[in-house]
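A.B. asks: Chain residues, written in single-letter form:
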Amino acid sequence: MSLLLIVLLPFLGALLPALMIRAGRNACATGTFVTTLLAFIGLMSHAPALFRGEVIHAGWDWLPGLGLNVNFFLDGLGFFFAALILGIGLLIIVYARYYLSKDDPMGSFYAYLLLFQGAMVGIVLSDNILLLLIFWELTSLSSFLLIGYWKHLPEGRQGARMALTVTGGGGLAMIAGMLILGNIAGSYDLSVILQQGELIRSSPDYLLALVLILVGCFSKSAQFPFHFWLPHAMAAPTPVSAYLHSATMVKAGLFLMARLWPVLAGTDEWFYLVATTGLLTMLLGAVVALFKDDLKGLLAYSTVSHLGLVTMLFGFGTPMAATAGVFHILNHATFKAALFMNAGIIDHEAGTRDVRRLGGLMHLMPVTATLGMLAAASMAGLPLLNGFLSKEMMLHEAANTTWGGQAWLLAAVATFAACFSVAYSFRFIAHVFMGPARNDYPHHPHDPPVGMWLPPALLVVLVVLIGIFPDTTAGALVALVSRAVTGGEVLDYHLALWHGVTPALGMSVIAVLAGTVLIRSYGRVRRVWLAGPHPEAKRIFDGLTSGAVKLAQGFTHGLHNGSLQRYLACMLAAFLVVGYAVFESSSHAAGTRMLLAATPIAIVGWILLMGACIAVVLMHRQRLLALVVVGVVGLMVSIGFVYFSAPDLALTQISVEVVTVILMLLALNFLPKQSPRESSTGRRLRDGVLAVAAGLGVGGAAWAVLTRDFETLSGYYLEQAVPGGGGTNVVNVILVDFRGFDTFGEIIVLGIAALSIFALLDGLMASAAGRRLQSWEPDQARAADRHPMMLAVATRAMLPLALMVGVYIFLRGHNVPGGGFIAGLVVAVALIVQYMASGFGWAAQRMKMDYHGLVGTGVLVAAATGLGALVVGYPFLTSTVWHFDLPLIGELHIASAMFFDTGVFLVVVGATMLALANLSRVGRHAEHLLVNREPMDVDPSHSLTVAGEH
Amino acid sequence: MEFLLASAVGGLTAAGVYLLLRARTFSVVLGVALLSYATNVFLFAMGRLAANAPPVISDHATVYTDPLPQALVLTAIVISFGMTAVVVVMALRSYLESDSDHIDGTGLAQAGQPEPVVVPVEVSEGGR
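Residue numbers (my numbering), protein chains in the order written: chain Z, 1 to 950; chain Y, 1001 to 1128.
Extracted from the complex, chain Y is given alone in its bound form (with noise of 0.2 Å):
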């Protein structure tokens, strides 16, 4: 059973990172969501595996899992989904603002291959 737990998380980790690299902010978004879900389970899973034992204290339970990652991962869950709504939601704006769901924006996207940004650095003030 550990070994079913430890793979998935490896196969949502491989996953999610794989379509975080993808060049198209949706492809990123679904990425970081499959990574969520990898870094909860992983986090779950520091409390050992345990089944029919929740942490609920009752008079006829002898043994309980650990509820400590449990709370620390239920509230990790809200917070995620807070951060993908954030990103979905700015995915959302840049595409509506610069016509290109390509994650490093329109320009680049349409040149392919983008042009380094040369920042002018001066060096001496002589000519001031």
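Bound-form chain Z, shown alone (with noise of 0.2 Å):
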């Protein structure tokens, strides 16, 4: 099976729990079952090419530029921990069937469960670092999913919270070591990185890439002093904390540290880092660990304290250090997986796991009670059990390994360390099974089903299994794994029970007899315990996370005052240090370019332009006066466009421009007349510097192209306009042919603004602030003459002929200037001034246009044409000419970009006349005056009549 299914089955079926669910919570697991149990057969099915010595390659390029490719490879190491996360995973997918009661949601367990064990398949098999760390952070959020997984238990919450702070930060610190070792190594791909060992080993960077990614490895896998997520994450359901807690996640951490062991190992720093925390970390969970009274306390921090030991032998930097602690991941991982299970079941059946409130199970449940002896054996390091081999094996790597030039030093620690293992493991044996029954267990425990047995028994037989025969059993593939850890070194060592007597064989007698004498004294030893001082991990970190969110909230609160002007002139600021730099790094010199010369006209017009702008700026106060100097700066740059030969921007600039305007006097109407003075001088001053900057920076950018010549790729337009567009206004073929796509979107975009205006002022009437209008009364004196009659007359006149000269305009915009953008605008005032002429209630009861069905015709219009070109075989919107001889007219060319352009002008009428017209409704709203019945308040011809009746 290809590697890259192994790693995408357990995500692909992660979807079958959730949708299966419904069918029922035994139809769940099976679901989750048989996925796993593919991708077990799947990694099998590679093991006898591994075991000739091959390496199985798999993958392709994702993001090659970056270095991020998908690649897999499967050897000895990834082999091993594969095989460990899908085979307990398939006895804890049995076990969690049994174990979650009815109102669990099994479904999202079994999601949850499979997205985790992807993840963890995904990073023992990444043959690149970058995939390795996507992987390695879809643990954290898995684990935190799972953790949390009983999600009214606030321990749940806490723990499933504090996990994921303390393993995502170490993932933060290991992402930064990644790339920097990737740096050095000059490629991503692990393969690559293994052979570099040199390399890396003595560049400057190594440091500082090993401590970053010891901070990953030492938090992912509860090293001291990121030791305490652990025993918090102990509120997850057991399967969880068998699965994730004990076999895997927490080995994932010593997992990479076995990856890049051939690459990282071997120097002093690597030595004291690693072997000290190692050590210290073992030392702790051990001692902790014996004075837990929760069973999966007492379980977590024995994890803690193995995890150390692993930790501390992969820091000896010897091969043979190494092969021992790669047995004893394998022993660890079956003994204290089955006794999480049994701890569980203990908890199910009992109804609790505090120590103090057992004892006397053996006499209750058998079964359940010979398998917790016997791993919890094998975890104190009894002979003809698993646990002892390895144990032995560190023992002598610790006798035989010099710290700080004290020879015996960790020797001896070691051994008082596995003197308290031992303690807390006989513990796990003597107040829980052994002694009389009790009659005072919150539920009656017995035996539970065989589902629930059978996956910890399964280990426990492999738990003596290869205690008795350790090198038929596990000997070939403990050399296979080391071989891969340790780059291919062939050691001379073989797996037994029985190596003579060693220093070795006395330390864990030593240990053994102390072991006892603490238990039996346990009473006293507990009360020294108590004595002294316990610093609370879980206050220091809850100090800490508090502390770090006050801090960024004071720093958030003292940027953000919510004060939109600082804001916007910080950006400012902002963009002007980024130009600056920019500026400061290149020449300043001005371009080349064959200038034009400055004519009279055009002096005069930048005279009026900038006046203009100065004015507004002094006089912004006053706003209409502000608004008709905008409008004069408008009028400048229209004539700007027309002298400099674009005469279809100064069209639509002229139109938009009066368009513009009206609207602003409509709001007008209704916002204060005059800006206070309220900017200090100070204020002022700092607006005024970042003005001129920001002027002084456009400006000159403006020069600096101007002044250079340039290559454009219009010379194709220019080219095809006639014989590909069909007309020689090359602008409008751009807009509504070439470039015809860009224009559908930005006609939507008009059509959703003039939506958003209309819902926004159509809320506003129906509002609180709808109902205030009601009752507003004008601030400026209305004129006695409400519909003037000049004007009114005259609009009426105009009427048709600004229709027929919109229409001209929009006919002819395909070969001279105009079109349908302009042409809209141009309908859109001839529109608009009869409102203004003879009122709003007037005219609009003589134009009943729906004009949002105008926007959406022109939105469908356009979007036609261009799906006339896919009927006929042509990509959207490639237009075409026809050409006609009609008699008398004579030759007549309609290019189909006519029809979208049709499309352009309806969108443009439309929009422009909902917001003009919803803001006169407004207008209309406030004042409640009656609708004239005639198009002027003084009609002459009325007049003259009511004159003589006076």
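Derived by calculation from the structure, the hints in this document are not laboratory data. It is possible that some hints are incorrect.
Stated by the list, open to error - Ranges of calculated distance between the beta carbons of each label pair, as one might list FRET restraints:
(1) Z:SER202 x Y:PHE1003: 57 to 67 Å
(2) Y:ASN1052 x Z:PRO778: 46 to 56 Å
(3) Y:PHE1003 x Z:SER586: 12 to 22 Å
(4) Z:LEU624 x Y:SER1098: 17 to 27 Å
(5) Z:ARG924 x Y:PHE1003: 17 to 27 Å
To be verified - With the C-beta cut set under 8 Å, the calculated list includes, among others, these residues of chain Z facing chain Y:
(6) VAL604
(7) LEU608
(8) CYS613
(9) HIS620
(10) LEU649
(11) GLN653
(12) LEU665
(13) ALA667
(14) THR712
(15) VAL722
(16) ASN729
(17) SER767
(18) ARG771
Quick reminder that beta carbons are idealized off the backbone N, C-alpha and C, glycines included.
Using the hints, build the complex out of the two chains.
C.D. replies: Put into structure tokens, the structure is as follows:
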């Protein structure tokens, strides 16, 4: 089976339980089981090749520019871990089916579990460290979901958050470390990095990369001082604890240390950092575990201790120690997963996992007790069980390693830790299973259904088999894995039960004896322990996090005081700084292009424009005046367009100008007519400096561009406008043909803008502000003549003319300046003037046009034109030209782009009118005057008779 | 001529930015309008300046100015109108809703110095 499929299967399978939960809990569990089984079989199909010494590669380039490739490879180490993940996964899936109660959402549990499984398999099979990091973060996230699975428990949520913070934070450090590592090696592919050991260890960045990667590994594998999250993660359901927090996820850090062992290990830095951390963790975990009353707490600290043991072995940096580490990973996974499941059974059946309330269970649940005691004995390191073997190897390595010049130190501390390890294991046996049966258990305990005890039983069988026949059962596998870890060194060793009388055996005997003493006098030992200080890691962690949150809040609120003016000024200042940095780093000479001579008329226009700019700044508090001056600016810009050969732009600008001014006047009707003087001099100075700097920057950029020559791609448009687009006005042909899709998008934006204006204003009238508007008093005197006769007569007479001009501009647009945009604006102005001259109510009664419909029709017409091309087999918006010979008129060209332009026209008319008409409607809503029946208030033909009656 | 245009773009930008930084919505709207002019002219200038060379194909014209920036700017003008319209209407609505046309809203305008909004962040859930 392809490696890719092995990784993907759990992810794909994660959909199954989520979908199948309606089919029942068994179907759900079966789906999960079968998925995992398939992946497991796929993995095993590679086993023969691996044992022949091959390494399997698979993958393809994903983002080769970033060095991020989806590459997987399978060697001994990856195979070993993947087998652990999938194999123990299978047992956990069966166990969880019986462990979870009817009320627990099983579908999401299995979905999370598979998600986690896929991420773990991804980590161990990745051949690219960036890909590995992605999977690494995924395990943090999926374990967050699993720890917090019982959402109603505060401990679950807190534990999940703590685990995510610690492992996620470590993950961040790791990302940095991995990037440095990839940088040194010149590749992010693991198979390349693994060949670069010498180069990496001699790099000046080695230490930095090492520390960062180790922070990631240590936090994931619960090494001191990051160990505290693991006990709190025990709030998770027990299957999760057994799977993530003993067998798999916490071993991801160990995996990575093993994976990078050939590259990073062997230096003093590595030895002191890793071996010391491992030693401390082993000691700390073992001591604390002895005094935990919660079974899972005891097991959690014991896990911390064993993880420390393996870390220490990897830290020694010798191939033999690494081999011992690998072997212990296997052994620990078997007995500890079994113990966790055992603890879960006890909790499930007896209703408590508090050691003080248990005891004597051997009589009530013999199967469980047998399994639990065997696994715990292995944890203690008793002979004939696998824990004994790897612990012997550990003690042997510790005895032969010198720390800081002290040959005895490691051996002594390791033995001391081993005493406690024996003690807590014996406590698990003695205080839970032995002794007389009690009659005050919360539930009456009995052995669970087969589905619950079979998974740990299988593991315990392994514990015993490996313990008695180590070389036959695990020898080949351990050799394969160690070769992968150490980079192919063949070691002269064999796994065996009996190595003769060695120092390690002596240390083991001491540990067992001392452990027995400790547990016999447990009461006294415990009193001594309780008398000592107990720094609570959770409190320190909470203090740190809330401190960090306070700091961040203080920073945020110091910076974000709610003033938009300040934000804008900061943003502008930032732009200016960036712009200035670019400016500084380049040449400042003007270009050498031939310039146009300034004509007197241009100078006059420039003076008017600049004068208007200054005036609008000085007079912006007089709003009406400022608006008029802005109109002057718009006029000058239009004239500039005319001068510089852009007639289409000039036409557009001038008609937009009219519409904009009308719009602003309508709005200004309700807004205050003057702005108060409220900015301090300092503020005005600051803004002035920003404004002048921005002006200089933009003006300078324009100057730099204008004085340089350029190449354009417009040659194509100029050549093809007539033959390809069927029009001589190149700008219009570009708009409706060459770049028609852009224009299509733009009319949609315009339509959306108009609709949002409608929504804003329509909502306004329905809101409380709308009711306030009802009692609104105009703040300016109203003309006695609401609808001036001259204006009314003139606009009505001009309406047909204006519409005619609109049609004319539209029709000619393809060949000479004009087109849908301009025609639309002209028609809109012609219509809006009717509202102004004769009143909204009067005009609205006569122009029953649905502007929404107009916008929609326009977009549809444009789209239909484009789709027409699709129908006859051309790409969207391909245009064509038809030629007709009409009698009298002569030859006529009609480009299909004309229909597209019709769409543009309709949208522009609709959008403009929708905006303006709705603003006028607000005015009418506020002023609540009667609708005039006549177009003007004073009708000359009537007034004569009226005058005569008086 | 190029200098006149470049300085005009600079002037429009400066005036636009200054108005953009004022505290009242209407000034900001005017500032946005001025900045739109500046941007459009700047974009237009990317095709360089040429007099009497409109991009309309004819038999007696020998030289045409670059039509592409013009096409881009034409739609930009219409879109900036749409945007200005939306901003104006938002200014109007916010004034009518809050009875203040200060860009930071009512309470802030009167208080002078705005109060920071403190969002309590729950750190520990022990109490639940």
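A.B. asks: Determine for every hint whether it applies to the structure shown.
C.D. replies: Consistency of the hints with the structure:
1. With their beta carbons about 59 Å apart, SER202 (chain Z) and PHE1003 (chain Y) fall inside the hinted range of 57 to 67 Å.
2. Between ASN1052 (chain Y) and PRO778 (chain Z) the C-beta distance comes to about 50 Å, which sits within the given range of 46 to 56 Å.
3. For PHE1003 (chain Y) paired with SER586 (chain Z), a C-beta distance near 20 Å keeps the hint of 12 to 22 Å intact.
4. In this structure, LEU624 (chain Z) and SER1098 (chain Y) meet the distance hint of 17 to 27 Å, their C-beta atoms being roughly 23 Å apart.
5. Our hint of 17 to 27 Å for ARG924 (chain Z) and PHE1003 (chain Y) is violated, since their Cβ atoms are close to 49 Å apart.
6. Proximity of VAL604 (chain Z) to chain Y is violated relative to the hint, the smallest CB-CB distance being about 11 Å (cut-off 8 Å).
7. With a cut of 8 Å, the hint placing LEU608 (chain Z) at the interface with chain Y is violated, because the nearest CB-to-CB distance is about 10 Å.
8. The beta carbon of CYS613 (chain Z) is positioned within 8 Å of a beta carbon in chain Y (closest approach about 4 Å), and the interface hint is therefore held.
9. A hinted interface residue such as HIS620 (chain Z) counts as satisfied when its beta carbon comes closer than 8 Å to some beta carbon of chain Y; here the least separation is about 5 Å, so the hint holds.
10. A hinted interface residue such as LEU649 (chain Z) counts as satisfied when its beta carbon comes closer than 8 Å to some beta carbon of chain Y; here the least separation is about 6 Å, so the hint holds.
11. Of the supplied interface hints, the one on GLN653 (chain Z) holds, with its beta-carbon coming within about 6 Å of a beta-carbon of chain Y, less than 8 Å.
12. This hint is violated: LEU665 (chain Z) has a C-beta 10 Å from the nearest C-beta of chain Y, more than the 8 Å allowed.
13. Taking 8 Å as the C-beta contact cut-off toward chain Y, the hint placing ALA667 (chain Z) at the interface holds, the least distance being around 5 Å.
14. Taken as an interface hint, THR712 (chain Z) checks out: its beta carbon lies about 5 Å from the nearest beta carbon of chain Y, inside 8 Å.
15. Of the supplied interface hints, the one on VAL722 (chain Z) holds, with its beta-carbon coming within about 6 Å of a beta-carbon of chain Y, less than 8 Å.
16. Interface hint status for ASN729 (chain Z): upheld, as the beta-carbon distance to the closest one in chain Y is roughly 5 Å, under 8 Å.
17. The restraint placing SER767 (chain Z) at the interface with chain Y holds, with a minimum CB-CB distance near 7 Å, inside the 8 Å limit.
18. For ARG771 (chain Z), the shortest C-beta to C-beta distance to chain Y is roughly 11 Å, which exceeds 8 Å, and the interface hint is violated.
The structure shown violates the earlier hints numbered 5, 6, 7, 12, 18.
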